[in-house]
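8 protein chains.
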Amino acid sequence: MDEPTLRQLLDDVRSGVLGPDEAVSRLRRLPFADLGFARVDHHRALRQGVGEAVYAPGKTPGHCAGIVEELLAVPGGPVLLTRADPDQVAAALDRSPGGTVTATGVGGGGALVAWRPAPARPARVLVITAGTADLPVATECVAVLEATGFRPLLVADCGVAGVHRLLASLDDLADADAVVVVAGMEGALASLVGGITGAPVVAVPTSTGYGAAFEGVTALLAMLASCAAGLTVVGIDNGFGAACAVARMLP
Amino acid sequence: MDEPTLRQLLDDVRSGVLGPDEAVSRLRRLPFADLGFARVDHHRALRQGVGEAVYAPGKTPGHCAGIVEELLAVPGGPVLLTRADPDQVAAALDRSPGGTVTATGVGGGGALVAWRPAPARPARVLVITAGTADLPVATECVAVLEATGFRPLLVADCGVAGVHRLLASLDDLADADAVVVVAGMEGALASLVGGITGAPVVAVPTSTGYGAAFEGVTALLAMLASCAAGLTVVGIDNGFGAACAVARMLP
Amino acid sequence: MDEPTLRQLLDDVRSGVLGPDEAVSRLRRLPFADLGFARVDHHRALRQGVGEAVYAPGKTPGHCAGIVEELLAVPGGPVLLTRADPDQVAAALDRSPGGTVTATGVGGGGALVAWRPAPARPARVLVITAGTADLPVATECVAVLEATGFRPLLVADCGVAGVHRLLASLDDLADADAVVVVAGMEGALASLVGGITGAPVVAVPTSTGYGAAFEGVTALLAMLASCAAGLTVVGIDNGFGAACAVARMLP
Amino acid sequence: MDEPTLRQLLDDVRSGVLGPDEAVSRLRRLPFADLGFARVDHHRALRQGVGEAVYAPGKTPGHCAGIVEELLAVPGGPVLLTRADPDQVAAALDRSPGGTVTATGVGGGGALVAWRPAPARPARVLVITAGTADLPVATECVAVLEATGFRPLLVADCGVAGVHRLLASLDDLADADAVVVVAGMEGALASLVGGITGAPVVAVPTSTGYGAAFEGVTALLAMLASCAAGLTVVGIDNGFGAACAVARMLP
Amino acid sequence: MDEPTLRQLLDDVRSGVLGPDEAVSRLRRLPFADLGFARVDHHRALRQGVGEAVYAPGKTPGHCAGIVEELLAVPGGPVLLTRADPDQVAAALDRSPGGTVTATGVGGGGALVAWRPAPARPARVLVITAGTADLPVATECVAVLEATGFRPLLVADCGVAGVHRLLASLDDLADADAVVVVAGMEGALASLVGGITGAPVVAVPTSTGYGAAFEGVTALLAMLASCAAGLTVVGIDNGFGAACAVARMLP
Amino acid sequence: MDEPTLRQLLDDVRSGVLGPDEAVSRLRRLPFADLGFARVDHHRALRQGVGEAVYAPGKTPGHCAGIVEELLAVPGGPVLLTRADPDQVAAALDRSPGGTVTATGVGGGGALVAWRPAPARPARVLVITAGTADLPVATECVAVLEATGFRPLLVADCGVAGVHRLLASLDDLADADAVVVVAGMEGALASLVGGITGAPVVAVPTSTGYGAAFEGVTALLAMLASCAAGLTVVGIDNGFGAACAVARMLP
Amino acid sequence: MDEPTLRQLLDDVRSGVLGPDEAVSRLRRLPFADLGFARVDHHRALRQGVGEAVYAPGKTPGHCAGIVEELLAVPGGPVLLTRADPDQVAAALDRSPGGTVTATGVGGGGALVAWRPAPARPARVLVITAGTADLPVATECVAVLEATGFRPLLVADCGVAGVHRLLASLDDLADADAVVVVAGMEGALASLVGGITGAPVVAVPTSTGYGAAFEGVTALLAMLASCAAGLTVVGIDNGFGAACAVARMLP
Amino acid sequence: MDEPTLRQLLDDVRSGVLGPDEAVSRLRRLPFADLGFARVDHHRALRQGVGEAVYAPGKTPGHCAGIVEELLAVPGGPVLLTRADPDQVAAALDRSPGGTVTATGVGGGGALVAWRPAPARPARVLVITAGTADLPVATECVAVLEATGFRPLLVADCGVAGVHRLLASLDDLADADAVVVVAGMEGALASLVGGITGAPVVAVPTSTGYGAAFEGVTALLAMLASCAAGLTVVGIDNGFGAACAVARMLP
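Protein chains in written order, with our numbering: chain H, 3 to 253; chain A, 3 to 253; chain B, 3 to 253; chain Y, 3 to 253; chain W, 3 to 253; chain S, 3 to 253; chain F, 3 to 253; chain R, 3 to 253.
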């Protein structure tokens, strides 16, 4: 029930069309369902936030296409289809043309499609990866940031072997309003960056590496236990979540 | 906001005291908060269910006493204070006399206090333990069941060493409307009981034993992986939860 | 040894055909083997319960077909073949026509076949999933519930993103005699539903999601540690078990 | 080496006091050590950030007192002594009077002492706990936020049992510039809050609860796997870290 | 129901005192409960096996004393009270004098009391420990072996640092009919012994050591994954179980 | 250095051909290498034990064939090639004809080849599985037992669903000199069998099942924590190890 | 910024071309980035160390080829491409001919390519494996050692079954300046070797084996908990890391 | 059997006092036991290595004193008593005066006593800790290094907060022949140091910190997965092991 409907109900009460008992009965039901969350949605819209995302794995191409179409039918912010395989991408674009496809290679499917990108946001976001193997997760993060209006800067391969690139980007780091660190293995880059910048740092552990990297668990734990105060962490390989976190933090 | 308040609001709209805009504004807020859950609470009351429970560990005696008093101020079902130490028990009984104290010895504190027990329920509940070391958890389960109106039968020490007691209780097992199995170590008793009875079986892994019992994790996993179809499981040492589960299942 | 055989033995004792020593010897053996469990089976039959289920993975098509045929040879309740691949399904139906096939897509094989469904049961069962990726597990659960006589209502995709569907189903939730919540990721839907309804809630963690979902372990732990009192849990992806649990709980 | 020293060195080069070879030799060493990080420190100062924190456990009272004194000797932001026991608190205050003591009860020691609080910051921060057992961690978080200039609002006990308090605080939630959710057990409150607000949400898993709560691991995993997009997480019981994360995010 | 009772029942059938229907009814019940397991017990008695053991932790002194007394009331093999504290030992000996007390220091309580030891068995059992810290577990193992009739040889401290003692005992090792290896840390001694002797080897991981010993988990896993073919393993610190395993293997 | 060589050396010393210094030098080296372990091998031979086994996975067909050939070149007990794929089997049989091939289906490769089986041993060994999915592991166990001279009896599918087969085999169980229990899921069958028989019981957890079976970890832990005293356990899916353990135990 | 540039800057200061302010500004930036680490690199060069390694998995062939080419463009030590698949190998060799290819079979890709091997180093390194299944990891280790100038000796298959090979190599072991032990399963070989030699021992756990080997975790834990004092450990399957560790230790 | 005994045996053979058969018989036994390992011990002595260490926890004071006395009775290298409590220290010094006591505070007991320190070794060893809480482990490491002849340099508190101390020690780092990094939490300091120095780096994870530090597991995993090539790791809190590792590496 949206506001016009609610206003109509109240008008009907005022005009006597609807009795108080019936109105109470209707009202007891609906607000939880609709008004409460409409308010939330409105709030979202005001912030020009993340919008809606459809996680493709496990859905049929038709399913993906249908949900995307439905979401685009309502005016609003960006709509994303994440980790989609070629068939899912094709089906969704067929029904809803105009989406931007980014090949990420993350999570099997490997593509993110974005419709109706948000208006540009001026804040500067830096996405840094420890190795080239972290690029798929970082690429998804960048694509989601772009869909939400940012123009993030991606600096890859800044681990111990390539730390000079991080240093070469010290100005960018100093200027960043938020930093996303994408790292697997022991994830030490997050602590390093967290110690250098005072901006918010979102750490994304990745499942790269082998053996004692334990599919990202080692990086995850290390980031959570980081001695760099105020680092926050999202789930393994969750570049999408990191982008959403940044979208919450910055205007 | 309860129904009278809502009705008053609608009356005010009808009488013109309140304009639609202001009414919409108020209504957008409240229902999520009050009406939606009042309905739920009402539903609870109709079922004469578990009531409210206060988990004592980490609360001051005064805190415990205050919350219990507050809960008893509103008419309703049973009010429980769980895993309370002597000071917490004393403080709560001082402010709210009449509670029934059961020494369980579980979770440090070791006592459960119950006020305002539910009316008697006829269903037969059997609580079985594998060993005497499982008795604290089982005792808490029994006390909660009693507070919710049941008269459960407790049969202890039915593991491999004492399985004859289980067999001696085959009639009780056959007659039970629900069975709670409390077992540590490898938790095999749950599978055994689950294979014998067709009644609902709630398995409670306990942290008894040592070494490879891994503080209840072994029993927990074994119960979850049980080949006895339709067994359900609650958390380690959660006799309280098992009693609540039974209270949900039975009239 | 069934009852007629036992009666014959006793008649033979009475008529002197069999000496007490020999009778004692025979009796010491048999009851454990046959009578004790025959009693159990009888009990099962009285409840028109779950019947027998054959877990297909790791068995040859011929194996599956043979066991199903054998089970159907004895009068009784429903017979299920779970997680069967196309060859197993074909072989079983070839030998035992008349089974109902449900494509679930769960567990590799992906089909459940049910023979001799139980008579209709009036109780209302609601199966709710957090996401569409949980549908295979939920579908298996629904198919097993149907084979055991229920007409469950399936409400999909009620996670945070689609919670309005849950709210739209508040009446169904209020009316349900039992609810099965199927959820992966952090499994929070189970706590939410457990807090709303007073009916028994069986939570099924699923292995959907990636990274920190840890193949269902996260949802499993979260459901076990849920602060919604009286929630019970079955193993990861065990929609079959959840259906059996419901069949134990409801008439 | 600070800027004056550097400028002197260059002057010496220009005046011929110092030869290029010697200057190169000196410069090759120092900047890594001093200039690079002085820059970082300066950056910190500009942001009026978290300042310096001393983790008390494992340090002698004298040790604590000495480090605090040393940190206060240099002009700058707030100085914190965390998880200090009474002896550590007394020793530190004796040497450095004027600190504000907050009894948190977290981590054994149980007190946080703050000197030289930061100037007031206008942003609104909400700290929400699922249960009263989460209060020690939340209290530490609040104290750190206060030391860094915020006036956070603490809303306790908003889990399933007390969710009406969260709802009663919907306005505060809507107005918050950042939200810290402190929850143990299954940590579902974080997902719930993350779905309601578009503001940044920092989730702090706590080690409250027993059994399947696994000392905070369950809440940690659930928060990391949350389906509420853009939630970020800090380590178990790390209320300090959550406060620092907020201090990074907000002006 | 023991054999005389059964024989009486059959006599009553033969004499017409008991009708077949009633006899069937009685027989359907009892054998599962009594005869089936009486048979097992008889089997046990024939082997003069392990007898009955009471695990003391979590039981009151009176509880311990009562169970021991009850077990000794029935003729049979050895009766053991394991991991008993001084009060439990005293109470049990007070009610049932004549038990042999062995101070083991394992599992808190630290004493094993044995009544009615089994007749001597000639087989040679060797109990080897890797370090002196493994002695409590080994001592319990030795005491249980002695109660079951063996005269085991204990060779302590044969880890890498003291492997010369193992070598000095090569003859004993060559002559042993069974070997129990008690080792913590990385448990490599089990593999070494398993490679030297062809006799059955039972490995007992202990929770000695610190850090990466992970309370016995490392030794447990290492023993299970041992490349010495035919090694078998019992639970962590389970010297009692290892003794029982040997008692099963040897005449 | 074998005995003839050693004797020659001593003869050379006696005859003066070899000086004491040189002899000491040679002797300091060799015994560790050869004599010590020759003694072990001799010991093995005396027991007509397990012989030598080649684990095929990760080896080339040529590699497998070569090692087997080498082992058969020395007189002795059985030689086994385990978990071999068809190419490995073919290559080995080509170079060393006469091996007995058993298709087990375990571990990818799926075949066990045995050469030079040991003379028949009279002891009775029972191999019991909980489900048909445990058959590959059990089949490997049986094949190894046969190669070492036993004529084991295999009883399959004795879990809860098929426990009547176990009961039908009670005589075989009572007569067995050793029992191997092969079970996945929650592994409760091992506890059950351990409680019925006084013979040695070797439990083999298998990686069958899904979800909370955790690839055999659940069964492994449950077997280690079993309340049936004296149960011993081998590694997950290690039917080979269980057979070797039995070969150590029985004459 | 290299030394000439720095010297030029200082010359410009001396000559007045550059003002102190501008010079300070430039200097504050650069040293962290360039000089600090140039110093480190120089240090590396002096030691003729490991050089640079490119981890191939997750990189395109072109990516691999480009990075290798870039690294070779700068004079220096060896350049390695690790775990490369055929396409990656071909692309890299096409752009940078002259690399030595070693088929290791480790990590999917299976080849290590080395360019510009270091001058010969005289130290003796022994690489020992417990089984043939450990050879891929050991082979990678050997190839890296060779690229860094060593001529390591590889002794394979020295586990319990083949310990005579280790003993046959006692002289080599006694002469080794460093030993790398590569072992899966329970990893006991590392403890054994660590107890025999006083040279540095680097243990590499491998993911060989099945079941309770837990993909190398068991060997890893056992090596970390080894009672052989002074053993050090690298990550699972990390033969590359072990070789680098040796290169750090030896001249 | 030492060399004189062996020589006597050979003399007896030569003189005819001992027949070849008897000599063979004696020789088959002894060398494994005595000569083989005597050789190892000799090797140790030549290297003036770690000597012998007695791990005090779990031993009685008398036990500790006796073993130390026994070890000192044989000429050789240093003898250490580790993690001893005051009673153990007193007893050992009473029987064997002259030991140097270092209060470490690690592992409960908290003291290391060293007798008969090794001659001075010139190599430079640097021990670096991330925080002051890592000092107990580092202190034990330093004391063991000193007992083995080194004069290590301890630099404490070089984590992110105090990294300037590491930088202030860059010269020491550059000059070190080996570095021990002692760090808890996320252990990133090891990666950082490993990237700066080309010397061997031994990383010691410590159990400091709380929550997601998981008692040292996080640091352990991070160090094992470090992207700094050639880092090696010892067990959690194993400062003793790290010192021994260094003693193996350096002359």
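Honestly, the hints are just simulated from the structure, not real lab data.
Don't be surprised by glycine CBs; every beta carbon is placed ideally from N, CA and C.
Among the clues, some could well be false.
To give a feel for the contact side, a few chain R residues facing chain H, derived at Cβ under 8 Å [unchecked claim]:
| id | residue |
| --- | --- |
| 1 | G18 |
| 2 | L20 |
| 3 | G21 |
| 4 | D23 |
| 5 | S193 |
| 6 | L194 |
| 7 | A214 |
| 8 | A227 |
| 9 | C229 |
Here are the simulated distance ranges between beta carbons [to be verified]:
| id | chain 1 | residue 1 | chain 2 | residue 2 | range |
| --- | --- | --- | --- | --- | --- |
| 10 | B | D173 | Y | P121 | 49 to 57 Å |
| 11 | R | A105 | F | D173 | 40 to 48 Å |
| 12 | Y | P121 | A | A75 | 41 to 49 Å |
| 13 | B | D173 | A | D173 | 22 to 30 Å |
| 14 | H | D177 | R | P121 | 32 to 40 Å |
| 15 | A | D174 | B | R97 | 55 to 63 Å |
| 16 | F | E71 | H | D87 | 42 to 50 Å |
| 17 | H | S17 | B | D173 | 48 to 56 Å |
| 18 | H | P88 | B | D173 | 35 to 43 Å |
| 19 | B | A122 | H | E24 | 54 to 62 Å |
| 20 | H | D96 | B | R97 | 22 to 30 Å |
| 21 | F | A176 | R | E71 | 29 to 37 Å |
| 22 | A | D173 | B | A92 | 44 to 52 Å |
| 23 | H | D174 | F | E71 | 22 to 30 Å |
Now for the hints, and whether the structure bears them out:
1. G18: violated (62 Å)
2. L20: L20 of chain R check fails; min Cβ-Cβ to chain H is 55 Å, beyond 8 Å.
3. G21: Hint on G21 of chain R: violated, closest Cβ of chain H at ~57 Å, above 8 Å.
4. D23: violated (54 Å)
5. S193: Since the shortest Cβ distance to chain H is 4 Å, the answer is holds.
6. L194: At about 7 Å, which falls below the 8 Å cut-off, the nearest Cβ of chain H leaves the hint on L194 of chain R intact, so it holds.
7. A214: holds (4 Å)
8. A227: The hint holds - A227 of chain R has a Cβ within 8 Å of chain H, the shortest such distance being about 4 Å.
9. C229: At about 5 Å, which falls below the 8 Å cut-off, the nearest Cβ of chain H leaves the hint on C229 of chain R intact, so it holds.
10. B:D173 x Y:P121: 49 to 57 Å: With Cβ atoms ~54 Å apart, the hint holds.
11. R:A105 x F:D173: 40 to 48 Å: For A105 of chain R and D173 of chain F the Cβ distance comes to about 44 Å; the hint holds.
12. Y:P121 x A:A75: 41 to 49 Å: Given a distance of about 44 Å, which is inside 41 to 49 Å, the answer is holds.
13. B:D173 x A:D173: 22 to 30 Å: violated (42 Å)
14. H:D177 x R:P121: 32 to 40 Å: violated (57 Å)
15. A:D174 x B:R97: 55 to 63 Å: violated (42 Å)
16. F:E71 x H:D87: 42 to 50 Å: Distance hint for E71 of chain F, D87 of chain H is violated at roughly 34 Å.
17. H:S17 x B:D173: 48 to 56 Å: violated (28 Å)
18. H:P88 x B:D173: 35 to 43 Å: This hint holds: roughly 41 Å between Cβ atoms.
19. B:A122 x H:E24: 54 to 62 Å: violated (36 Å)
20. H:D96 x B:R97: 22 to 30 Å: Given range 22 to 30 Å: violated, Cβ gap about 44 Å.
21. F:A176 x R:E71: 29 to 37 Å: holds (31 Å)
22. A:D173 x B:A92: 44 to 52 Å: holds (46 Å)
23. H:D174 x F:E71: 22 to 30 Å: Given a distance of about 27 Å, which is inside 22 to 30 Å, the answer is holds.
In this structure, the hints that do not hold are numbers 1, 2, 3, 4, 13, 14, 15, 16, 17, 19, 20, in rising order.
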